[in-house]
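Trainee: The whole structure should be built from the sequences, with the hints applied where relevant.
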Amino acid sequence: MNKFIKKIKNNQVLYVLSILIIGILLLLIARITYAYLAPRIQSALSNITTISDTVDDFKLELGQPLSLNATATTLPESGSNLVVTSTEIARLKANSTKKTANYNYYLYLQITNNTFKYSDGTTPEIILTITDPNGNEITSLDNLTYGTYNGVSGFDVTTKTGLFAIANNYEITSNSSTTYTEHDWNITLTYLNLNIDQSGNYGNSFETKLYLQKEEKELTATDVCPGKSLNDCVIAQYTGIKNSNIYYHDSNLTNGAGDNSYRYAGASNQVNNYVCFGSNVAPCPADNLYRIIGVFGDKVKLIKSDYATTALLGADGDYSRMYTANNWDNSAYKGNNLANIAGYTWNYNGLSDHTGNNQYGSNTWSTSLLNKTNLNTNFITNIGADWAAKIDTTTWKVGGNTWENIGTQPAKTAYQNEIVSPVTTNTTDNATTYSAKVGLMYVSDYGFAAAPSAWTANLDTYNGEAIKNVNWMYMGLYEWTISRYAGSDYLAFGVYSTGSVSYNIATYVLALRPVFYLASSVNYVSGSGTAADPIVVN
Numbered sequence: 001m002n003k004f005i006k007k008i009k010n011n012q013v014l015y016v017l018s019i020l021i022i023g024i025l026l027l028l029i030a031r032i033t034y035a036y037l038a039p040r041i042q043s044a045l046s047n048i049t050t051i052s053d054t055v056d057d058f059k060l061e062l063g064q065p066l067s068l069n070a071t072a073t074t075l076p077e078s079g080s081n082l083v084v085t086s087t088e089i090a091r092l093k094a095n096s097t098k099k100t101a102n103y104n105y106y107l108y109l110q111i112t113n114n115t116f117k118y119s120d121g122t123t124p125e126i127i128l129t130i131t132d133p134n135g136n137e138i139t140s141l142d143n144l145t146y147g148t149y150n151g152v153s154g155f156d157v158t159t160k161t162g163l164f165a166i167a168n169n170y171e172i173t174s175n176s177s178t179t180y181t182e183h184d185w186n187i188t189l190t191y192l193n194l195n196i197d198q199s200g201n202y203g204n205s206f207e208t209k210l211y212l213q214k215e216e217k218e219l220t221a222t223d224v225c226p227g228k229s230l231n232d233c234v235i236a237q238y239t240g241i242k243n244s245n246i247y248y249h250d251s252n253l254t255n256g257a258g259d260n261s262y263r264y265a266g267a268s269n270q271v272n273n274y275v276c277f278g279s280n281v282a283p284c285p286a287d288n289l290y291r292i293i294g295v296f297g298d299k300v301k302l303i304k305s306d307y308a309t310t311a312l313l314g315a316d317g318d319y320s321r322m323y324t325a326n327n328w329d330n331s332a333y334k335g336n337n338l339a340n341i342a343g344y345t346w347n348y349n350g351l352s353d354h355t356g357n358n359q360y361g362s363n364t365w366s367t368s369l370l371n372k373t374n375l376n377t378n379f380i381t382n383i384g385a386d387w388a389a390k391i392d393t394t395t396w397k398v399g400g401n402t403w404e405n406i407g408t409q410p411a412k413t414a415y416q417n418e419i420v421s422p423v424t425t426n427t428t429d430n431a432t433t434y435s436a437k438v439g440l441m442y443v444s445d446y447g448f449a450a451a452p453s454a455w456t457a458n459l460d461t462y463n464g465e466a467i468k469n470v471n472w473m474y475m476g477l478y479e480w481t482i483s484r485y486a487g488s489d490y491l492a493f494g495v496y497s498t499g500s501v502s503y504n505i506a507t508y509v510l511a512l513r514p515v516f517y518l519a520s521s522v523n524y525v526s527g528s529g530t531a532a533d534p535i536v537v538n
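Residues 1 to 538 in the numbering used here are what the sequence shown lists, from first letter to last.
In case anyone wonders, no lab produced these hints; they're calculated from the structure.
C-beta atoms are modelled at their ideal positions from N, C-alpha and C, and glycine is treated no differently.
There may be inaccurate statements among the hints.
Quick list of simulated restraints, FRET-style, between CB atoms [what the hints assert, rightly or not]: (1) N243 with K59: 53 to 63 Å; (2) K117 with W387: 43 to 53 Å; (3) N143 with G203: 22 to 32 Å; (4) A388 with T122: 27 to 37 Å; (5) N330 with S421: 28 to 38 Å; (6) N81 with T139: 13 to 23 Å; (7) V83 with A388: 26 to 36 Å; (8) D329 with N430: 38 to 48 Å; (9) Q213 with A282: 56 to 66 Å; (10) Q213 with N134: 14 to 24 Å; (11) N336 with N357: 30 to 40 Å; (12) N136 with W387: 49 to 59 Å; (13) A531 with A388: 48 to 58 Å.
Mentor: What follows is the structure, given as structure tokens:
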């Protein structure tokens with residue numbers, strides 16, 4: 001080896017070449033080593049948490065969830081009250097540079113399950129007591145009544161469920177970098193041991209969740225609806241959920257109906273108004289998905305999410321053929337059941353005479369087999385007696401009005417002419433109303449389902465992308481409404497596949513979606529209102 005090295009040193013050319021080769025090898029090794037180690041070094045650095053003297057220390061600590069289970073052991077006769085307590089803590093220490101810090105936080109109590117009842121019908125038994133960080137008792141919470149019950153002060157929550165905001169954007173301040181400022185919230189549930197028979201509550205349960213967080217809680221129907229009727233559930237979402245896409249149509253709502261209804265409006269994927277109806281299966285079958293149009297008086301109005309099939313409405317009455325047999329362009333269809341959608345005439349098969357104008361059908365709703373057979377016989381039968389009992393009989397406004405008074409008007413004016421002041425022109429029964437359980441949507445229902453930005457547009461212009469893309473009721477096929485075109489005796493209003501409102505001869509074969517009002521006794525059970533998690537009713 002030494003002779004070889006000596007030989008290279010004595011040969012200048014070999015010596016230079018050797019140095020170059022060694023240099024190239026070293027460079028290659030360095031590059032390979034960096035390529036291998038660099039990402040690992042970077043990864044290690046990215047996982048290091050830097051402790052800085054400019055960072056505040058803000059901590060939120062939850063106590064144990066509160067729950068009650070009444071038994072003869074936990075609530076013995078003539079014994080003590082059953083008491084459970086939880087403490088929620090917010091701590092703040094300022095950084096050592098500024099030595100002062102301010103933060104805000106939120107504290108919520110959610111009663112997720114409560115099967116208790118008043119043992120004697122009226123006397124409060126479960127009392128919620130809350131003290132704030134200053135040791136003061138909270139005496140006001142939305143939707144709860146404060147008082148003193150059998151010597152215990154607090155809120156009566158004996159039969160309550162839902163979400164309650166205890167601290168809303170509550171401020172905590174620290175003026176020290178060495179000592180924490182601490183906020184303690186003490187939350188106590190007391191089940192009163194009363195001098196009455198409370199054995200009826202043995203085995204019942206009361207369960208809660210607590211939320212202590214920096215951000216305001218994003219509420220859903222599951223937070224505000226438990227224990228409520230479905231109509232109160234919708235109203236609770238309007239009052240308690242930001243961006244609920246529910247609009248209260250009182251006299252102050254610009255371009256609204258002015259009928260004190262609560263209506264959903266906006267793009268389909270932003271409107272959480274799905275209800276599972278006609279089935280108790282979970283997940284809800286697609287054919288049992290309905291959507292809430294709104295609350296009218298004390299009743300919730302539903303429309304089928306997708307178009308009806310013969311399995312629901314039958315192949316008799318005013319059934320004509322499957323919708324796809326029309327051979328129209330169905331590319332705008334929003335659903336997933338095109339092959340099974342049935343097509344119906346508005347009013348034709350029930351007419352005894354098909355000559356003269358009758359060859360085009362009739363637009364008198366009381367004589368329509370679509371109305372009498374498909375909607376109010378077959379539909380009622382096919383959903384079953386238990387579900388049919390949840391549907392209220394309704395006085396439908398069926399007089400309609402002229403094209404000029406509905407089609408070429410914005411939703412507000414169309415509503416006045418369609419619902420408030422319908423006409424009897426060209427009817428055969430001289431009636432503007434019809435009493436039944438099931439009908440179809442009104443033209444104005446469709447108009448107000450679009451976002452408020454569309455409410456100044458005439459309904460025949462609802463085919464614009466800026467409108468139909470923010471209308472949850474638009475489904476992309478030709479479909480019937482319940483309203484007559486009163487300028488003739490054989491035309492009825494419908495929605496075109498493009499999204500615009502128009503009219504059709506009553507013998508045309510269109511799709512449709514049943515619409516009905518639920519009885520005010522129907523209650524919310526569960527669900528957030530999305531298509532994947534629809535509202536379930538009792």
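Trainee: Going through the earlier hints one by one, which of them does the structure break, listed in rising order?
Mentor: Of the numbered hints given earlier, those the structure breaks are 1, 2, 7, 9, 13, listed in rising order.
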